[in-house]
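Colleague: The lines below spell out each chain.
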Amino acid sequence: MSGTDGTRRSMILAETVNGLTPVLLAFSIFLTFRGHNAPGGGFAGGLVMAAAVILRYLASGPEAVRSLRIDPIVLIGAGLALAALVGTWPLLDGGEFLESSIWKFHPPLIGEMKLVSSSLFDIGVHVLVVGVVMAVLVAFVEADDEVARANAAREELRSNAGHDDASGDPGTTTSGGER
Amino acid sequence: MTELLPLAIVIPLGGAAAALLAIRVRSVQRIITIACTVTTALIAVAILLDVDSNGTQVASMGGWPPRIAINLVADRLSALMLTIGATMLLAVLLFAVGQRADDERSRWYHPAYLALSAGVSGAFLAGDLFNLFVFFEVLLMSSYVLLTLEGSDSQIRSGTTYVVLNVVESLVLVTGVALVFAATGTLNMAELPERLAALPDGVRIGLNLLLLIAFGLKAAVFPLFSWLPDSYPAAPSPVSAVFAGLLTKIGVYAIIRTQTLLFPETNRTLLLVIAGLTMVIGVFGAIAQNAMKRILSFHIVSQIGYMIMGVALGGTAAIAAVIFYMIHHIPVKTSLFLVEGIIERDTGSSTLDRLSGLARRSGPLAALFLLPALSLAGIPPLSGFIGKLGVVTVGLDQGSWWIVATALAVSILTLVSMLKIWTGAFWGEPAGPDHDSGVLRNHPLMSSVTIAVVALTVAIAVFAGPLYRFAERAAADVTTPAAYEGAVVP
Numbered sequence: 001m002s003g004t005d006g007t008r009r010s011m012i013l014a015e016t017v018n019g020l021t022p023v024l025l026a027f028s029i030f031l032t033f034r035g036h037n038a039p040g041g042g043f044a045g046g047l048v049m050a051a052a053v054i055l056r057y058l059a060s061g062p063e064a065v066r067s068l069r070i071d072p073i074v075l076i077g078a079g080l081a082l083a084a085l086v087g088t089w090p091l092l093d094g095g096e097f098l099e100s101s102i103w104k105f106h107p108p109l110i111g112e113m114k115l116v117s118s119s120l121f122d123i124g125v126h127v128l129v130v131g132v133v134m135a136v137l138v139a140f141v142e143a144d145d146e147v148a149r150a151n152a153a154r155e156e157l158r159s160n161a162g163h164d165d166a167s168g169d170p171g172t173t174t175s176g177g178e179r
Numbered sequence: 001m002t003e004l005l006p007l008a009i010v011i012p013l014g015g016a017a018a019a020l021l022a023i024r025v026r027s028v029q030r031i032i033t034i035a036c037t038v039t040t041a042l043i044a045v046a047i048l049l050d051v052d053s054n055g056t057q058v059a060s061m062g063g064w065p066p067r068i069a070i071n072l073v074a075d076r077l078s079a080l081m082l083t084i085g086a087t088m089l090l091a092v093l094l095f096a097v098g099q100r101a102d103d104e105r106s107r108w109y110h111p112a113y114l115a116l117s118a119g120v121s122g123a124f125l126a127g128d129l130f131n132l133f134v135f136f137e138v139l140l141m142s143s144y145v146l147l148t149l150e151g152s153d154s155q156i157r158s159g160t161t162y163v164v165l166n167v168v169e170s171l172v173l174v175t176g177v178a179l180v181f182a183a184t185g186t187l188n189m190a191e192l193p194e195r196l197a198a199l200p201d202g203v204r205i206g207l208n209l210l211l212l213i214a215f216g217l218k219a220a221v222f223p224l225f226s227w228l229p230d231s232y233p234a235a236p237s238p239v240s241a242v243f244a245g246l247l248t249k250i251g252v253y254a255i256i257r258t259q260t261l262l263f264p265e266t267n268r269t270l271l272l273v274i275a276g277l278t279m280v281i282g283v284f285g286a287i288a289q290n291a292m293k294r295i296l297s298f299h300i301v302s303q304i305g306y307m308i309m310g311v312a313l314g315g316t317a318a319i320a321a322v323i324f325y326m327i328h329h330i331p332v333k334t335s336l337f338l339v340e341g342i343i344e345r346d347t348g349s350s351t352l353d354r355l356s357g358l359a360r361r362s363g364p365l366a367a368l369f370l371l372p373a374l375s376l377a378g379i380p381p382l383s384g385f386i387g388k389l390g391v392v393t394v395g396l397d398q399g400s401w402w403i404v405a406t407a408l409a410v411s412i413l414t415l416v417s418m419l420k421i422w423t424g425a426f427w428g429e430p431a432g433p434d435h436d437s438g439v440l441r442n443h444p445l446m447s448s449v450t451i452a453v454v455a456l457t458v459a460i461a462v463f464a465g466p467l468y469r470f471a472e473r474a475a476a477d478v479t480t481p482a483a484y485e486g487a488v489v490p
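Quick note, the sequences are listed as chains H and X, same order. Quick note on this note's numbering: the first sequence kicks off at 1 and runs consecutively. Quick note on this note's numbering: the second sequence kicks off at 1 and runs consecutively.
Derived from the structure by calculation, the hints contain no laboratory data. Wrong hints could be hidden among the right ones.
Unchecked claim - Label-pair ranges, simulated between beta-carbon atoms: (1) X:A182 with H:I70: 38 to 48 Å; (2) H:F43 with X:T160: 21 to 31 Å; (3) H:L20 with X:A482: 49 to 59 Å; (4) H:V74 with X:M141: 11 to 21 Å; (5) X:N442 with H:L58: 23 to 33 Å; (6) X:A197 with H:R69: 54 to 64 Å; (7) H:E142 with X:M141: 16 to 26 Å.
Claimed, not checked - Chain X stretches covered by chain H per the calculated footprint, using a threshold of three residues with CB under 8 Å from any CB of chain H: (8) 50-64; (9) 183-195.
Unchecked claim - From the structure, some residues in chain H lie toward chain X, with a derived Cβ separation under 8 Å: (10) P72; (11) I73; (12) V74; (13) A81; (14) E96; (15) L98; (16) S100.
Ideal Cβ placement from N, Cα and C applies to all residues, glycine included.
Isolated chain H (complex conformation) (with noise of 0.2 Å):
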């Protein structure tokens, strides 16, 4: 009822969506870790990639967010008390709040690397962003899945009532699956 049957699913959209999320998983890193000193952000990268999510959502219907199997909720406060923690760390050494402290490396090869405690900021924030956004696609499927079983309710009430136009009017039903 909820779509797992896979009939009303566009291939075309299903494979799209297969070559385009390793992309939108890379480029939303990259937009987080860029958000140091250029456009981009924790933010930005998390929207990215939780374009990922509905993207997956849209394409192969609620299995797409339950296979994840992570609990929006546990991201959205592990993301929050990490940006909460390194916010609040630089002020136990006597500096500011959301004080940034830069490290720079000499790894062979590359040349300078520069690492800064904000990109853990930013780190949480991405984690945050994804969290809400896949709890808001958790809600939308219980509802859905929730319509669904009132409307097999209401089938199942009918058909024991006797009616005729019982039998799989797809009119009636449609409001879990199409999506």
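With chain H's structure known, arrange chain X on it following the hints.
Modeller: Chain X in isolation, oriented as in the chain H frame:
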């Protein structure tokens, strides 16, 4: 001690994260929320003491220079509001825990409540207009969740009005903020006074009006108040107690900030008329209602009128009176909603038709209602009298006879509608079976919290002298933009 300022925001926010991670274990959530709220309240007190002895504190985020950085600024007014806000949040939290109602047991209650406290702290400490907007959003988002926790039909219905109106308010506010930035090139509240003063009159009045509309909607000022008596009564009692006590007053705080700091030279006759209308219409609304929560909600509107009246009169003395009025009003209003919560929990209803004889059933409960109720109406020697006296004296000094007359008349009408609750719910023969065990003893935690808050309102009356002098110092800070500027961008 400036490191305390961000902590007042980040501790509840971090607590919200922890409460989300512990979403399946309610007892852990409860401990986290109580611990974070207690800590925030202690931090607020520390900030208050520090600011009073050492002057305005500024924390620039990320160690950037204050002209560039996001600043958190605590002057006496913000520190005082922060303290009273954190105290009320703690009291209402304990009440909710003691109530053991479904709303506190919802797994979203604790994270949303902590996010709300972070928003409240942030709104009081924000040193620029944009972050004021951001923290308004934080507390609004959390309030949407808290208002519709049970998901009942009536909550969703009134929640929809609340959300739509507040989204419109945010839109107006962010437009105003964007236009201020376009006109002046800064949003830092320390730099704005000078640059706004250099603008042409028309532009400045336009900007002022946009910000006033946005904050006025938040503060439930006439004619933008109709959402309040509609949505607050639908919320669970502990939630409506904190909304009623605190949230509208954050709107008033923002109005005080913008009117004194950003637009000190403005003709406020219109605002004064609006204040009068807010008082009158609020109290008439209260008289017409028949459910306790709705009467109390309309009273919020009418009381906001007194505060706006003080702001509109202007000058250090008026602002001092408003600050004292807010400090008195927040615990008084909260305690009235808490008493209502006890009644509703005990009898299952707070509609006056169904209640009767509560005074005979529980004398102490009646006293707990009567003290803040009389205080709200402005009966001496309670705190409300001192608050009203302050505002009215300023009105007389400035010769605004008509607003003083309105204020006094509204005060009597407030008393009338309080008497309506008194005769409806407390007087007469007890309805139903008379269990002698006492209403208060049945709900020990709820009662002790309510008693503590009522005691606080009495303490405000007893220590009115020192408090009023503090309010005067705070008002002196607020009404001299140069002092604020000097503290933030020396």
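Colleague: Each of the hints needs a verdict: does it hold here or not?
Modeller: Outcome of the hint check:
Range check, A182 (chain X) to I70 (chain H): Cβ separation about 42 Å, and the 38 to 48 Å hint holds. F43 (chain H) and T160 (chain X) have their C-beta atoms about 28 Å apart, which keeps the hinted 21 to 31 Å range intact. In this structure the hint that L20 (chain H) and A482 (chain X) lie 49 to 59 Å apart at CB holds, the actual value being about 58 Å. Checked against the hint of 11 to 21 Å, the C-beta distance between V74 (chain H) and M141 (chain X) comes to roughly 20 Å, which is consistent with it.
Hint check: N442 (chain X) to L58 (chain H), Cβ distance near 54 Å, so the stated range 23 to 33 Å is violated. Taking 54 to 64 Å as the suggested C-beta distance range, the pair A197 (chain X) and R69 (chain H) conforms, at roughly 59 Å. The beta-carbon spacing between E142 (chain H) and M141 (chain X), approximately 21 Å, falls within the hinted interval of 16 to 26 Å. Counting residues of the stretch 50-64 of chain X whose beta carbon lies closer than 8 Å to any beta carbon of chain H gives 5, which reaches the threshold of three, so the coverage claim holds.
Beta-carbon proximity to chain H at under 8 Å applies to 0 residues in the stretch 183-195 of chain X; the threshold of 3 is not reached and the given coverage is violated. Annotation: interface hint on P72 (chain H) violated; nearest CB of chain X at approximately 10 Å, more than 8 Å. Contact between I73 (chain H) and chain X, as hinted, is supported at the beta carbon level, the nearest pair being about 5 Å apart and thus within 8 Å. For V74 (chain H), the suggested interface contact is upheld, since its CB lies about 6 Å from the closest CB of chain X, less than 8 Å.
Checking A81 (chain H) against chain X: minimum C-beta separation of about 4 Å stays under 8 Å; hint holds. Against a cut-off of 8 Å between C-beta atoms, the interface hint on E96 (chain H) holds, since the closest Cβ of chain X lies about 4 Å away. For L98 (chain H), the shortest C-beta to C-beta distance to chain X is roughly 5 Å, which falls under 8 Å, so the interface hint holds. Hint on S100 (chain H) holds. Least Cβ distance to chain X is approximately 7 Å, under the 8 Å limit.
Consistency with the previously given hints fails for numbers 5, 9 and 10, ordered from lowest to highest.
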